[in-house]
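K.L.:
These are the residues of each chain, in order.
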Amino acid sequence: MSSQPSPPPIHSPTPSAILRSLLQADLTVQLRTGRALLLTFFPPVAVLYGLSAGKRRAQLGGPVVDVALALTLGIALIAILGYTASVARDREMGVFQRLRVTPAPTWTIMVSRLAVQIVSMLAMSVVVLVAAAIIVNVTLDPAAYLRTLLAVIFSSAVFLGVGQALVGLIKSSDTVNAVGRLSFLPLVALGLFAHSAIFGTTFETISRWSPGGAVATLLAGAMQPATWSGDTWLAFLESIVYAVVFAGIGIRWFQWSAH
Amino acid sequence: MRAYQARASCKVRSSVAVSGQSAERGLALQVEGLRVSYGPKLAVDGVSIDINEGEIFGLLGPNGAGKTSTLSAIEGLVKPDAGSIRIGDVDARANPSAAKARMGVQLQSTSFQANLTVREIVRLYAGLYGVPVTRAGIDDQLANVHLGEEASKRFSQLSGGQQKRVSLLIATIQSPPLVLLDEPTAGLDPQARRQLWDRIERLRDIGRSILLTTHSMEEAQAVCHRVAIIDNGKLITVDTPAGLIEKHKADPRVLKVAHGQVTLEDVFIGLTGSDLRD
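Going line by line, the protein sequences match chains A and B.
The letter at position 22 of the first sequence is residue 22 when you use my numbering, and the numbering goes up by one with no holes.
Heads up, my numbering is the position in the second sequence plus 259, with the first residue counted as 1.
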């Protein structure tokens, strides 16, 4: 055997240094993923434009609700389609297992992934709010913009929780993608009618209680504090419950390996 | 056959002890009474292994014998039902993060983030081990493993041999005292395999301890100081490759499968049986 001296002592890196490295890598991956960028910016702005041009615009709740709905769609797309796809794919490829044999605590691996998604959501929100000023003439005071961005961060917990539940309950990346698309209708599209009696009040109530409806109501309330009401508080509480339940399911049953 | 098999002055402390000679050097890895199960299936059943500093230790076994499960428990990927694992003087079960900092790992099938370049992958893993690196430093390290021109390529664009070299580079990026290699040469052509053996030997030459799993008897004989054969989750025997042949050459099960002079493969098949595994 070798007569070489022992290797130098090894020091465990700090969690903050680990998190910095993971964030840098995950952000690079996010920026290089064309589909993620497309999902981030294009659909919400397209929906905002479509809603503003529609004849039934007023029936959906007016310009501020249009912006809230576009933001809701953007948050949900990033979380339910983008986040789940990247986690399911990397799990299937063994990326997480490779990271888990390093000194990185597992929470840093997931926090980094989630943080990058939230940054994407904030970037999307800025683009949508700028588009809102141009397309539907919705401008807010600085405090309202700040409240809206904080509400976006809060709302992200709802749909990231949904995404986490999907990857927690389903192992196969193909199935995660398919179920993600299918779940979009009850979870998000239903929320489009949270402020519209276009299909009757019963449907409006159901819509308000959906995750998409709760988030849209909350975002609309953050943009227009004067309209903040009991319904907005209810949406706030609904969002907390949805986030806790879905994230709880996703964390409880999540497995780092697909095999 | 390379010359290492004669180096037998290693302390063996396994469930199948061979010699009781005490090692002068410290232990890089000490596993005792390891048990791992997946539901009702017992994958590792009371495995004990000691690996000395600067030793290359091979774990041989048929598919499903418990090799990867043993490694996974040491790496912290699966939680053992029982047993102790020490990496140097660190209790891996009590302090997994410190233990992981002291070992480098090459998994059986390694994949890195698809959209990162090789240079970015090296930077990421250097950061995870707290190793300060510069771009020039990374490029030097890549050049040392003949990957200088591939620094800007993505991992999926590399050949199998190049991917293995990246994996081995990352497994040793923090100069760990212990390196775990799970079938490091599986799927490689003979040239790439020989190159990887050379790299493994260079690690040994600078004092690293290595635990590797392999299906290749040639590999076990070429690079390992000692070899353990594992089957059905239990260690069957441990010795130097030459010592295993000597010890089991008269075993009727081995003689039954031998064609002429007894080889390590005869010993392996004789002890583990000829039935096909998973």
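A portion of the hints provided could be inaccurate.
Stated by the list, open to error - Okay, derived cross-link-like pairs now, DSBU-like style, lysine-lysine, Cα gap no bigger than 30 Å in a straight line: (1) A:K171 - B:K508; (2) B:K338 - B:K300; (3) B:K338 - B:K493; (4) B:K300 - A:K171; (5) B:K506 - B:K493; (6) B:K300 - B:K493.
Said to hold, decoys possible - Partial selection, computed: residues in chain B whose CB lies under 7 Å from chain A: (7) S296; (8) E334; (9) V337; (10) V349; (11) R352; (12) A353; (13) S356; (14) A360; (15) S370; (16) L383; (17) G386; (18) G389; (19) T393; (20) Q421.
Stated by the list, open to error - Far from chain B, by Cβ distances over 10 Å, these chain A residues were calculated: (21) V47; (22) I153; (23) G230.
Calculated directly from the structure, the hints in this document are not laboratory data.
The model shown is predicted, which means the values in this text are computed figures rather than measured ones.
Just so you know, even glycine gets a beta-carbon here, dropped at the ideal spot from N, CA and C.
K.L.:
State for each hint whether it applies.
P.N.:
Hints and how they fare:
1. A:K171 - B:K508: 47 Å, violated
2. B:K338 - B:K300: Roughly 14 Å separates the two Cα atoms, so the pair holds.
3. B:K338 - B:K493: 18 Å, holds
4. B:K300 - A:K171: 21 Å, holds
5. B:K506 - B:K493: Holds, at about 18 Å.
6. B:K300 - B:K493: 13 Å, holds
7. S296: Because about 16 Å separates S296 of chain B from the closest Cβ in chain A, which is outside the 7 Å limit, the hint is violated.
8. E334: Result: holds, 5 Å to nearest chain A Cβ.
9. V337: 9 Å, violated
10. V349: Because about 10 Å separates V349 of chain B from the closest Cβ in chain A, which is outside the 7 Å limit, the hint is violated.
11. R352: 15 Å, violated
12. A353: 14 Å, violated
13. S356: 5 Å, holds
14. A360: OK, holds: A360 of chain B within 7 Å of chain A, min 4 Å.
15. S370: 4 Å, holds
16. L383: 4 Å, holds
17. G386: OK, holds: G386 of chain B within 7 Å of chain A, min 3 Å.
18. G389: Hint holds; G389 of chain B Cβ to chain A Cβ min 3 Å, cut 7 Å.
19. T393: Check failed: Cβ of T393 of chain B comes no nearer than 15 Å to chain A, outside 7 Å.
20. Q421: 17 Å, violated
21. V47: 27 Å, holds
22. I153: 25 Å, holds
23. G230: 46 Å, holds
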